[in-house]
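Fit chain C to the known structure of chain B by using the hints.
For the protein sequence lines, the chains are B and C, in the order given. In terms of the numbering used here, the first sequence has 169 at position 163, counting the first letter as 1, and numbering is strictly consecutive. In terms of the numbering used here, the second sequence has 90 at position 84, counting the first letter as 1, and numbering is strictly consecutive.
Be aware that a few hints might be false.
A pair holds if it fits inside one copy or across any two, identical chains being indistinguishable in the list.
Unchecked claim - With a straight-line Cα cutoff of 27 angstroms, these simulated DSS-like cross-link-like pairs (lysine-lysine) come out:
no., residue 1, residue 2
1, Lys227, Lys208
2, Lys34, Lys135
3, Lys277, Lys201
4, Lys289, Lys89
5, Lys100, Lys289
6, Lys138, Lys100
7, Lys138, Lys289
8, Lys205, Lys187
By construction, these hints were calculated from the structure, which means they are not laboratory data.
There are 2 protein chains.
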Amino acid sequence: MDLFIGMDLGGTNLKYALGNENGEIIIKKSRPSQANQSQKTIFENMFIAVEELKAEAEKRKNKILSIGVGSPGSIDFETGQLKGSTPNLPNWAKAPIKKTLEEKFNISTWADNDANIMALAEARLGAGKGYKNILCLTLGTGIGGGILIDNQVLRGEHYSAAEVGHIIIAYNGIRCNCGNKGCLEAYTTAPAMVKRYQKKLKRLGLAYNINELNTEFIFQKASRNEGLAIETIAETCEYLGAGIASISNIIDPEVVIIGGGVSEAGDPFIKQIENEVRQYSVKAIMQNLKIVRAQMGNDAGIVGAILLAAENYSDDN
Amino acid sequence: MDLFIGMDLGGTNLKYALGNENGEIIIKKSRPSQANQSQKTIFENMFIAVEELKAEAEKRKNKILSIGVGSPGSIDFETGQLKGSTPNLPNWAKAPIKKTLEEKFNISTWADNDANIMALAEARLGAGKGYKNILCLTLGTGIGGGILIDNQVLRGEHYSAAEVGHIIIAYNGIRCNCGNKGCLEAYTTAPAMVKRYQKKLKRLGLAYNINELNTEFIFQKASRNEGLAIETIAETCEYLGAGIASISNIIDPEVVIIGGGVSEAGDPFIKQIENEVRQYSVKAIMQNLKIVRAQMGNDAGIVGAILLAAENYSDDN
Chain B
7 MDLFIGMDLG GTNLKYALGN ENGEIIIKKS RPSQANQSQK TIFENMFIAV
57 EELKAEAEKR KNKILSIGVG SPGSIDFETG QLKGSTPNLP NWAKAPIKKT
107 LEEKFNISTW ADNDANIMAL AEARLGAGKG YKNILCLTLG TGIGGGILID
157 NQVLRGEHYS AAEVGHIIIA YNGIRCNCGN KGCLEAYTTA PAMVKRYQKK
207 LKRLGLAYNI NELNTEFIFQ KASRNEGLAI ETIAETCEYL GAGIASISNI
257 IDPEVVIIGG GVSEAGDPFI KQIENEVRQY SVKAIMQNLK IVRAQMGNDA
307 GIVGAILLAA ENYSDDN
Chain C
7 MDLFIGMDLG GTNLKYALGN ENGEIIIKKS RPSQANQSQK TIFENMFIAV
57 EELKAEAEKR KNKILSIGVG SPGSIDFETG QLKGSTPNLP NWAKAPIKKT
107 LEEKFNISTW ADNDANIMAL AEARLGAGKG YKNILCLTLG TGIGGGILID
157 NQVLRGEHYS AAEVGHIIIA YNGIRCNCGN KGCLEAYTTA PAMVKRYQKK
207 LKRLGLAYNI NELNTEFIFQ KASRNEGLAI ETIAETCEYL GAGIASISNI
257 IDPEVVIIGG GVSEAGDPFI KQIENEVRQY SVKAIMQNLK IVRAQMGNDA
307 GIVGAILLAA ENYSDDN
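Just chain B, same shape as in the assembly (with noise of 0.2 angstroms):
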């Protein structure tokens, strides 16, 4: 059987993968990714991971074909290179991914954003299994997105597409970490709701060490109907619905997928937020689209990383 290596380079641990080209994975392993250090160092710890899974293939008589990395990012997809630099990984900028990795081992590789391979994964084997058109969000400390149209990822003129955590739903708003006011971001990662939680118990006199709070803990007490809260998420999902809706009219996809740390609150919360969805929309699209949880879960980075080589390698061969 011929196989695909599958890389996620993320801010504390490269996650790496044996899979088929039907992104099953063989063997997963990881380590760190010493996102902190030198751009050589990471590579470094690239090849010990290629290295082992290529003896990992040898033992089983497989062949590997290509190998797939997602990183943070913006990367050309043409020359595996990042554009600029990202936050997580100070000394990443730049980074020749595709090149370093082909130099060294003699196998085609393709690499792409991080938040693009795991919309693959769930378009092709999870939440978005049969749909073409595809709306990605990932809510955590920040806002991830991924888009397919008509089966293809949609990376757009200069690599960046679906930077969906920076459309504007409030003009003059809020500032957002990247410098604007009013974007998404700034309104509904984990640490948004935490802050706006935060200040709403301060309005009354309450308060929890900032540093205990979390959206799990904001999700708990919800359940046990604190209205401060409640409070909190009806409105992180008004905010996410009046985004959701912006962006589903512009690209006007099948579903809308909703992964990432907050989103492990449940279905309550992503009905809570389609019923905002539908607000927003513009009819002809809100009658058919369906909004639902991520199925990839941890796996995502790896498995789409796994398909995006198998799917350029056939394509190319």
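Only chain C this time, still in chain B's reference frame:
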């Protein structure tokens, strides 16, 4: 020479033309669309238009290969039928454009949303020539939009993509005609500009007759350094900047083309919008994004319809 028929159905006129595969107009005509009349009457106007153009083609000993039609509303591109209703043509709901014309004339026909065919014309022959990823906006009494991704018109799953007027730029903001709050359209159409200007005047105890006010008047006043007019235009540019940035952050285009009545205010207005877009866009996108005026003017619709006919005919043959 083989020719194509293009028809552009509007609330006032039905424009129609004979053109070649390059979208060059051979002859163009116009008649009242009788938009308030029955579906039958509107189709009869189309029949007369086609008969006239067929006669013109025969005179020239040319053959008509296919027909393209642009119409307001969401149109199922496969069936060539309106999906719902459209405000300016009250009896045009569910109109089976493709079927009716093909049965009458036995000539292959394609129908598409009018903003899509205008975007197609700009993309192939106007301000978008040479670009693959394009966002078109038409600023008038409403806001129309068309998007091309990799040279193809983005129609969306429910044929309702590029509803650019209804992205939310101000969460919980001004009520839009669509029923939602905070839509781009509620802030940036010609009537919205006039209303805002009038309000400013009133606040100072001044007032023009609202029927005399229009955007031309406001731009003229601004050119004479009238503060309230300058303010009105500056606000409009800010709103448009936020909206265009939002859309660009999703689809990451090469060029944004701005057309419609309001855009006739000229290049300084476009430049002012561009400055605002720069405030709100993700850096990677904005660095190389061009914002330009539309070039096709009033012919955009019929040229787009001719191209729709020609491109789909050649795809099929």
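Hint check:
In this assembly of identical chains, Lys227 and Lys208 lie within 27 angstroms of each other by CA distance solely inside one copy; the values are 16 angstroms within and 49 angstroms between copies. With identical chains, the CA atoms of Lys34 and Lys135 are at most 27 angstroms apart within one copy only, with a shortest distance of 23 angstroms there and 47 angstroms across copies. Taking CA atoms no more than 27 angstroms apart as the test, Lys277 paired with Lys201 passes inside one copy only; the shortest distance there is 23 angstroms, against 38 angstroms between copies. For the identical chains of this complex, Lys289 and Lys89 are inter-copy neighbours only, at 11 angstroms across copies versus 38 angstroms inside a copy, given an alpha-carbon limit of 27 angstroms.
In this homomeric assembly, Lys100 and Lys289 come within 27 angstroms of each other (Cα to Cα) only across copies, at 15 angstroms, whereas the closest approach inside a single copy is 43 angstroms. Taking the closest pair of Cα atoms, Lys138 and Lys100 come within 27 angstroms of each other only across two copies (25 angstroms); inside a single copy the shortest separation is 32 angstroms, beyond that limit. For the identical chains of this complex, Lys138 and Lys289 are intra-copy neighbours only, at 20 angstroms inside a copy versus 29 angstroms across copies, given an alpha-carbon limit of 27 angstroms. For the homomeric pair Lys205 and Lys187, the shortest alpha-carbon distances inside one copy (19 angstroms) and between copies (26 angstroms) are both at most 27 angstroms.
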